[in-house]
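Enquirer: Sequence:
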Amino acid sequence: MEKLPNNKRKQTLLDEINSLRKEMIIYGTTKGLTNKKTIEISQKLDIILNKYQLT
16 MEKLPNNKRK QTLLDEINSL RKEMIIYGTT KGLTNKKTIE ISQKLDIILN
66 KYQLT
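In the numbering used here, the protein residues as written are 16 to 70.
Check each hint, because a few of them may be wrong.
What the hints assert, rightly or not - BS3-like mimics (lysine-lysine), calculated; alpha carbons at most 25 Å apart, straight line:
1) K51 with K25
2) K37 with K66
3) K23 with K37
Unchecked claim - Computed spacing ranges between beta-carbons, pair by pair:
4) E55 with D30: 17 to 25 Å
5) T49 with L19: 31 to 39 Å
6) L19 with Q58: 21 to 29 Å
7) K46 with P20: 34 to 42 Å
8) P20 with E55: 26 to 34 Å
9) D61 with L19: 16 to 24 Å
10) K23 with K59: 15 to 23 Å
None of these hints come from the bench; they were simulated from the model.
Where a beta carbon is used, it is the ideal one built from N, C-alpha and C, also for glycine.
All chains should be modelled from the sequences, with the hints used to inform the complete structure.
Expert: Structure below.
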């Protein structure tokens, strides 16, 4: 995997964060906050947010 410059990496992570947030909101409002898929998306979002903070 090619190492991206820091600002590109941050933007890529931000794009992924925004996409996951939208997806989580859709699942959370239609399926419920305790739905398995909603929780999976939330956990994935947590990981990406942590990566963003460390970048």
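Enquirer: Would you mind marking each hint as holding or not holding in the structure?
Expert: Going through the hints against the structure:
1. As the CA atoms of K51 and K25 are separated by approximately 28 Å, the hinted pair breaks the 25 Å bound.
2. Taking the CA atoms of K37 and K66, the gap is about 19 Å. The hint holds against a cut of 25 Å.
3. A distance of roughly 21 Å separates the Cα atoms of K23 and K37; the hinted pair therefore holds under the 25 Å criterion.
4. Range check, E55 to D30: Cβ separation about 19 Å, and the 17 to 25 Å hint holds.
5. For the hinted restraint 31 to 39 Å between T49 and L19, the CB-CB distance of approximately 36 Å keeps it satisfied.
6. At roughly 24 Å, the beta-carbon separation of L19 and Q58 lies within the given 21 to 29 Å, and the hint holds.
7. At roughly 38 Å, the beta-carbon separation of K46 and P20 lies within the given 34 to 42 Å, and the hint holds.
8. Between P20 and E55 the beta carbon distance is about 30 Å. The supplied range of 26 to 34 Å therefore holds.
9. At roughly 22 Å, the beta carbons of D61 and L19 sit within the given window of 16 to 24 Å.
10. Checking the proposed 15 to 23 Å range against K23 and K59 shows it holds: the Cβ atoms sit about 21 Å from each other.
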